[in-house]
Every structure is written in structure tokens, then in C-alpha cells.
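2 protein chains.
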Amino acid sequence: MNTTLRQSNLFTKTRKEAPSDEVSKNAQLLIQGGYIHKEMAGVYAYLPLGIRVIEKIKNIVREEMNVLGGQELIMTTLQRKELWAKTNRWEDKEVDVWFKSKLHAGGEVGFGWSHEEPIANMMRNYISSFRDLPTYVYQFQTKLRNELRAKSGIMRGREFIMKDMYSFSSDKEEHDEFYSKTIEAYKRIFKRIGIGEDTFVTFADGGSFTKFSHEFQTIVETGEDVIYINREKNIAINEEVLNDETLKELGVTRDELEKVNTAEVGNIFNFGTGKCAELGVEYKNEEGKKIPVWLGSYGIGITRLMGVLVEKFSDEKGIVWNEAVAPFEYHLIVLDNGNEEVRADAERLFASMETRDISVLYDDRDVRAGQKFADADLIGIPKRIIVSEKTLASGEYEVVARATGVSTFAHEQELLND
Amino acid sequence: MNTTLRQSNLFTKTRKEAPSDEVSKNAQLLIQGGYIHKEMAGVYAYLPLGIRVIEKIKNIVREEMNVLGGQELIMTTLQRKELWAKTNRWEDKEVDVWFKSKLHAGGEVGFGWSHEEPIANMMRNYISSFRDLPTYVYQFQTKLRNELRAKSGIMRGREFIMKDMYSFSSDKEEHDEFYSKTIEAYKRIFKRIGIGEDTFVTFADGGSFTKFSHEFQTIVETGEDVIYINREKNIAINEEVLNDETLKELGVTRDELEKVNTAEVGNIFNFGTGKCAELGVEYKNEEGKKIPVWLGSYGIGITRLMGVLVEKFSDEKGIVWNEAVAPFEYHLIVLDNGNEEVRADAERLFASMETRDISVLYDDRDVRAGQKFADADLIGIPKRIIVSEKTLASGEYEVVARATGVSTFAHEQELLND
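These protein sequence lines are chains Y and G, in that order. Taking our numbering, I'd label the letters of the first sequence as residues 1 to 418. Taking our numbering, I'd label the letters of the second sequence as residues 1 to 418.
Among the hints, erroneous ones may be present.
Lysine-lysine pairs mimicking DSS-like chemistry, simulated, CA-CA at most 27 Å apart [what the hints assert, rightly or not]:
#: 1; chain 1: Y; residue 1: Lys181; chain 2: Y; residue 2: Lys284
#: 2; chain 1: G; residue 1: Lys100; chain 2: Y; residue 2: Lys151
#: 3; chain 1: Y; residue 1: Lys38; chain 2: G; residue 2: Lys58
#: 4; chain 1: G; residue 1: Lys211; chain 2: Y; residue 2: Lys58
#: 5; chain 1: Y; residue 1: Lys38; chain 2: G; residue 2: Lys86
#: 6; chain 1: G; residue 1: Lys211; chain 2: G; residue 2: Lys151
#: 7; chain 1: Y; residue 1: Lys13; chain 2: G; residue 2: Lys86
#: 8; chain 1: Y; residue 1: Lys102; chain 2: G; residue 2: Lys93
#: 9; chain 1: Y; residue 1: Lys102; chain 2: G; residue 2: Lys151
#: 10; chain 1: Y; residue 1: Lys284; chain 2: G; residue 2: Lys372
#: 11; chain 1: G; residue 1: Lys284; chain 2: Y; residue 2: Lys13
Treat the hints as calculated values from the structure; they're not laboratory data.
Please build the complete structure, drawing on both the sequences and the hints.
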């Protein structure tokens with residue numbers, strides 16, 4: 001990905017009006033800013049600015065997965081019926097989000113909405129002895145889900161990018177240790193992405209294998225989930241498991257809890273040895289005895305995170321990205337009014353930033369100042385540098401923070417040494 | 001992606017025997033080496049070593065697309081019936097590789113086997129004036145095709161990664177200029193990837209909009225295509241358009257041509273103004289007149305390229321990657337035989353290489369020398385560094401080229417200054 005871009009070369013354009021067929025703020029602003037394009041309800045393309053944000057988020061997640069010892073791979077979209085039938089997750093009455101199609105060569109295929117089954121099944125090729133464990137793999141995969149409704153923009157799509165990691169451990173202790181380490185890694189990720197304080201490790205339904213799973217729920221007004229939190233005790237409970245038993249177990253009473261709307265940005269799930277037993281993923285221990293492997297599954301919704309950020313960090317003028325995920329660090333705006341010296345100064349500054357690999361979108365377009373400012377507000381890059389007759393005269397550039405609107409002034413060297 | 005990796009941490013293992021259900025050399029070797037996993041016929045997952053090769057190829061292609069002024073985006077897998085019906089490419093009798101499914105919300109969706117229609121349609125939002133042209137966009141997309149047969153491993157899959165670029169130009173001259181520049185960019189790509197000399201710009205069927213399209217065909221014994229070439233005149237003709245008219249037009253006779261088997265690694269296609277006229281992609285020229293846009297489409301099969309490389313560059317021992325696409329530049333092999341000094345020397349060298357971001361896979365496993373060598377031959381990393389009692393005594397490391405088997409000796413500083 002190029003570090004710099006001339007806005008005159010960017011094919012996307014901003015739109016003043018929100019698209020009439022979108023009710024969610026994230027989709028409205030992202031479409032207006034030229035980040036995404038709606039192909040159909042719940043299905044969005046990611047345009048040059050959008051793909052940059054996605055890659056930034058992915059790289060933060062990738063770094064933390066690598067720290068955990070995760071090995072990146074990429075599974076397939078096409079899925080075999082026979083495999084999912086083994087764990088009773090093929091039929092529509094069991095899993096209601098499958099897209100399925102007929103193969104011209106005969107038979108049926110599904111389209112990956114999740115990848116526990118194919119990953120665990122594949123690992124049978126590579127796990128046979130206790131020496132092969134533990135092992136951790138992850139992928140960034142486009143998931144397809146046949147959702148009945150899709151009204152939350154990129155917060156719940158029929159097609160979306162997810163990071164999913166899987167842990168294969170030899171026993172409960174090894175499993176639990178990694179499970180806890182992943183919770184810490186997830187906390188680091190959400191902190192780096194800028195939603196650490198509003199994201200809660202939440203007790204949720206554990207499905208058939210364990211009592212609880214853990215969700216990472218971020219407070220956002222338009223979130224589709226409801227959880228109950230106690231900030232002091234740092235406890236969060238999904239409403240689906242809010243009952244006397246849970247309250248007692250967690251040592252909290254109903255009136256100590258605050259009800260909030262949230263979006264699930266991550267979840268971690270303990271399959272115990274159940275899933276691997278179903279699929280025949282076993283290892284031989286030191287005594288040569290065959291034992292099913294402990295499986296954990298750890299998701300983060302990459303595109304959903306992007307949507308949550310827009311929902312939480314935007315104002316009446318547009319999006320407000322933080323530096324960790326912004327498509328560019330700087331938005332360089334030249335207001336030349338036909339003054340060739342001003343234009344030349346901006347070009348020179350841009351060239352110097354390019355040389356130093358400073359991340360900058362350069363608004364070199366021949367349009368009015370008002371439009372440049374409105375577009376910059378909508379696009380939401382954290383720091384705006386203004387080059388004008390005024391700044392040329394003063395020898396300092398104006399730097400405006402998108403989040404606060406506060407102006408400071410900086411010499412060229414300060415900007416270049418950034 | 002990490003620059004270095006300890007082989008003891010790699011979850012994949014090599015296999016001595018080729019899988020019995022694969023007839024193609026590329027799939028056999030890539031599965032044996034732990035690069036890919038077969039999910040079903042024509043559908044492969046890419047494991048840690050495989051994803052590294054894919055990313056190397058993608059980055060070479062990406063660099064050249066950016067040089068052309070291409071802007072990266074990512075379209076969607078899910079496709080709208082209504083859009084493709086407009087250009088008569090929805091019905092199975094018109095396009096026989098569609099996967100289709102029912103939407104729970106009602107209606108049908110297709111799964112992207114190509115993206116001309118959605119990209120051109122989307123560009124209606126961004127192209128209105130002559131000032132918006134020319135513009136070039138590209139993506140790396142996982143395409144899904146319901147192929148009846150799939151016997152060529154990753155050279156023809158039901159699920160595969162493709163780079164597709166699209167040019168939008170205001171007139172024939174602008175279109176032709178970019179078309180020619182792309183041919184040159186493609187030549188650079190195939191040269192960088194190591195198949196430049198065996199890849200021919202080939203005249204092929206142009207479909208409904210032009211007489212010829214241009215394919216990039218690479219000579220490979222197991223290729224599914226047949227073309228006729230004349231190396232001196234630098235002419236190549238796909239058998240599908242080999243007729244008297246074509247021969248006359250290109251100034252070559254039948255007996256001057258050599259018949260070769262090839263794989264199509266790229267193609268470029270001129271839609272003229274036809275496709276944009278069908279979809280209503282128009283711009284206003286300087287006189288305010290609405291004119292349909294010239295469309296070009298430019299594909300490169302990323303996963304197919306990986307398959308072609310394996311077919312062409314392998315021997316009885318395994319794969320022979322070139323440096324441009326190899327998963328790692330060096331394969332560091334320690335033969336310690338329990339000698340702690342040898343092990344310590346290898347660890348120290350690995351740490352020094354890590355510090356310098358030198359790309360290296362370190363075989364730190366506790367297995368026999370014979371197995372390490374066999375695995376290294378199969379995996380096919382270009383340069384093997386051997387650390388043993390002999391090298392420790394001599395003060396020089398042995399460096400063996402995978403392609404030639406030739407050994408040279410190098411001091412640590414020579415390796416680190418690489």
C-alpha cells in the first residue's frame with residue numbers, strides 16, 4: 001500500500017447526502033466518505049480508503065496473534081457437506097445462515113460461515129503425538145452468512161471479514177493457559193484500536209460444550225446486543241445468561257448492574273474435547289494412549305470493528321479516526337487561490353513527506369476551500385495540515401486536530417521529524 | 001508476516017508420499033511440502049508456507065499495478081442477479097460456472113466468478129465528467145467457479161485468487177495507450193516471477209466486443225491450453241483463433257509455428273464501449289455530450305502462477321523456488337549431533353539474522369540430518385546454510401544452492417551483509 005496519495009488521483013468522491021437506503025450511521029458515513037460501496041443489503045465493497053483502514057486493523061490483530069504464537073493460513077470458502085454433517089451443523093434447521101449451492105460435478109457445497117470443522121479436520125494431518133501440541137493457527141477470512149436481516153451497515157453483514165484463531169491443546173491446563181493469554185491479547189488489541197475502555201469481557205452462553213463463552217462487547221448506542229455491566233467489579237453479563245445462578249456465581253446482584261447496548265467485537269469459545277472427539281482429532285500421549293484434543297476458537301470481527309469505530313467516533317461533520325486505524329496520518333490541504341508560490345510550497349512539502357514515508361493524503365484538487373474542509377471533516381483523517389498564503393508568510397504550517405478542532409502551528413522540520 | 005520462523009514451531013509436516021487422489025505435480029508437491037491442503041477437488045487452503053508464496057506474488061503484482069496508477073479495492077463475493085441479467089450473463093446457459101444460492105430474505109444471489117459488471121456498475125457513482133477519466137482500479141479477489149472438472153491442482157481451481165484490474169478511459173486512444181502499458185507491466189511481472197522467457201503474449205478470441213484478446217501463456221508441459229509460437233518473430237497464437245485469416249493478419253505461415261502446451265497466467269481484454277453502454281457507465285465530454293466509457297479488463301491468476309512455478313521449477317527431490325517468490329530466502333539447518341557448541345553457534349547465527357530482518361526458516365528440529373535435507377529439498381528454499389561440527393571448525397558456513405546443488409562457503413559477515 002502506498003504511503004502517500006494525491007486526492008486528485010483518488011477515484012472516489014464524497015457525497016453530501018446520506019444514501020436514502022441506509023439507516024445505520026456507519027454505512028451512511030462510510031459511503032458518504034467514499035470508504036465503502038453497497039453492493040446489496042449487508043454486502044459492501046471496500047474502496048481505496050476503506051481497504052486502508054481494514055489493513056490497519058488487520059495488522060494490529062496480526063501482530064498480537066503472532067505474539068501468541070499463532071501461524072497464519074487461509075482456509076476455503078467452499079465447504080464440504082460430509083464434513084459438517086459429522087458434527088450436525090449442515091442442515092438448515094441446525095445452522096440457519098448457510099448459503100448452499102449445487103456443484104455441476106454433482107453434490108452440494110456450502111459457503112463458509114465459520115471454520116471450526118474444516119480447520120480441526122485438517123489438523124488431523126498434522127497432529128498425532130503430544131509433541132505436536134499445543135499449536136495455534138489463525139486466518140483473516142471473508143465469511144458468508146445468509147442473514148435474514150441486515151440493517152446495521154458493516155456491523156452485521158452477509159459478507160464480512162473475520163479473524164478466527166484456533167488453539168489445539170493437549171489438556172485442560174494447557175488450554176486454559178492459552179485461553180487466558182488470548183483474553184489479554186484481545187484487551188491489547190481493543191485498546192490499540194481505541195475502544196479499550198468501552199469494551200468488556202462478557203459472560204455469554206457457552207453452547208453445548210461449556211457453561212460460558214466469553215464475548216468482547218463494546219458499548220455503542222446502535223449495537224444489536226444488550227449486556228449488563230458493573231464497572232467497579234469489572235463484570236459484564238450478556239442478557240442471554242442473566243439469571244440468578246449466573247449472578248450468584250459471579251458475586252453480583254441485579255441492582256448493581258447497568259444495562260447497556262453493545263456490539264460484539266470478539267468472542268472466545270471453549271469446545272473442550274467435544275468437537276475434536278466428534279471429528280477424530282486425537283493425539284497419542286507419552287503412554288501411547290489416544291486422547292482427543294482440546295479446541296478453542298477465538299474470533300474478532302474486522303469489518304464490524306471498523307463499523308463500531310465509525311459509530312462511536314464521529315460527529316455531525318463526519319468520521320473521526322484515531323491514528324492507529326486512520327487511512328492516513330495527515331491530510332495535507334493546499335489553499336492556493338491561484339497563488340503559484342503557495343501551490344509550489346505545498347508540492348514541496350508533500351514531496352518531502354513522501355521521501356520520508358510519512359503517511360499523507362494530499363488534497364491537491366482545484367476546488368474551493370469550503371469543499372476541501374467539508375471533505376476533510378467527512379473523511380476524518382486525524383491531523384490536517386493547511387498550506388495557504390498565511391502559512392507561507394508566517395513560515396509555519398497550521399495543523400488542525402480533527403477530533404478537537406484545535407489548531408497548532410508547526411515548522412516543516414517538526415512535521416518531517418514526526 | 002514474520003521474517004523468520006523456527007521450523008519446530010511450524011505446525012505443518014512434510015509427507016514422503018504424494019497424495020493418491022492428486023494427479024497434478026503442483027498439487028502433489030505443494031501438499032507434500034505442507035504448502036497447501038486439499039479441502040475438496042479444486043479447492044485448496046493455503047498453509048503458512050503457502051500463504052507466504054502467495055503474498056510474495058501478490059506484492060510483485062501490486063507494485064506493478066501501483067506503477068500503472070491502479071487503485072486497490074476489494075469487491076464482494078455475493079452478486080446481484082439483477083445486475084448480471086442486464087448484460088445477459090446471469091443464466092446458466094450464458095455463463096456455466098455460476099454458483100448460486102437462495103437468500104433467506106428472498107431472491108437469489110450469485111457468487112463472484114468475475115467482477116466486470118459490479119465494478120463497472122459501481123463506477124457510475126464516480127464517473128460523470130471527462131475530468132474523472134482515465135481511472136484504473138484493481139483487486140485481489142477469491143473467485144468461485146463451478147467448474148465441471150478440476151484435475152490441475154491449483155492451476156485450475158473452483159476457488160482461486162485472481163488479480164483483476166479495470167481501466168476506464170474516455171476514448172480509444174487513451175484506452176489503447178493504457179492497454180499497451182499494461183502489456184509491458186505484465187511482461188515485467190512475469191519476468192520478476194521467473195517465467196519471463198517462457199511467457200508469450202498470445203492472440204486469442206476477443207469475444208463479442210473485439211476481434212482478439214491478449215493472453216499471457218506460459219509454456220508448461222501440463223498446461224491445459226495449446227498455442228502456436230514463433231520465437232524469432234515473437235508471435236503466439238491460441239489454437240482457438242488459428243486460421244488463415246489470423247495467419248495472414250500476423251504475417252506468419254503455419255509451418256513457421258511450433259505447437260506448445262501452455263497455462264494462461266494472464267489475460268487482457270478490451271470491452272470497447274460495449275459493456276459500459278449496456279450498464280449505463282457514461283461521461284459528459286467537454287461539449288456536455290454523454291458518451292459511454294471504454295472498458296479494459298486485465299487479469300492475472302495468482303494461485304495459478306504459484307502452480308505454474310511448481311510445475312516448471314521442481315525436480316525429483318521437490319520444489320525449486322526462485323528468490324522472488326520463495327517463502328524464505330534462507331533455510332538454516334543445524335546438524336549438531338548432540339554437540340552443544342554447534343547448536344549454540346546455529347542459535348547465535350539465527351539470532352543475528354533475525355536482528356537484521358533476513359528472511360530465514362531455521363530447521364532447529366531434533367531429527368536426523370537425512371530427514372532435514374530431504375525436507376529442505378522438498379520445501380525448496382533457494383539457499384541452504386549448514387551449521388555443523390565441520391563448519392564450526394572451519395569458521396565458514398556451507399551454503400548450498402537448491403537449484404544447482406552447488407556448495408560455497410561463507411563467513412558470517414557475508415551472510416549478514418546480504
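Consistency of the hints with the structure:
Using a Cα cut-off of 27 Å, the hinted pair Y/Lys181 and Y/Lys284 holds, with the two alpha carbons roughly 26 Å apart. Annotation: proposed proximity of G/Lys100 to Y/Lys151 holds, straight-line Cα distance about 23 Å (limit 27 Å). Annotation: proposed proximity of Y/Lys38 to G/Lys58 holds, straight-line Cα distance about 26 Å (limit 27 Å). Straight-line distance between C-alpha atoms of G/Lys211 and Y/Lys58 comes to about 44 Å, which puts the hinted pair past the 27 Å bound.
For a cut-off of 27 Å, the pair hint linking Y/Lys38 to G/Lys86 stands: about 18 Å separates their Cα positions. Distance restraint check for G/Lys211 and G/Lys151: the Cα-Cα separation of roughly 31 Å exceeds the 27 Å cut-off, and the hinted pair is therefore not satisfied. Distance hint between Y/Lys13 and G/Lys86 is fulfilled; the C-alpha atoms sit about 26 Å from each other, no more than 27 Å. For the given pair, Y/Lys102 sits about 15 Å from G/Lys93 by alpha-carbon distance, which is consistent with the 27 Å threshold.
Distance hint between Y/Lys102 and G/Lys151 is fulfilled; the C-alpha atoms sit about 19 Å from each other, no more than 27 Å. Pair hint Y/Lys284 plus G/Lys372 holds up; C-alpha atoms about 24 Å apart against a cutoff of 27 Å. Taking the CA atoms of G/Lys284 and Y/Lys13, the gap is about 17 Å. The hint holds against a cut of 27 Å.
In terms of the numbered hints stated before, the structure departs from hints 4 and 6, listed from lowest to highest.
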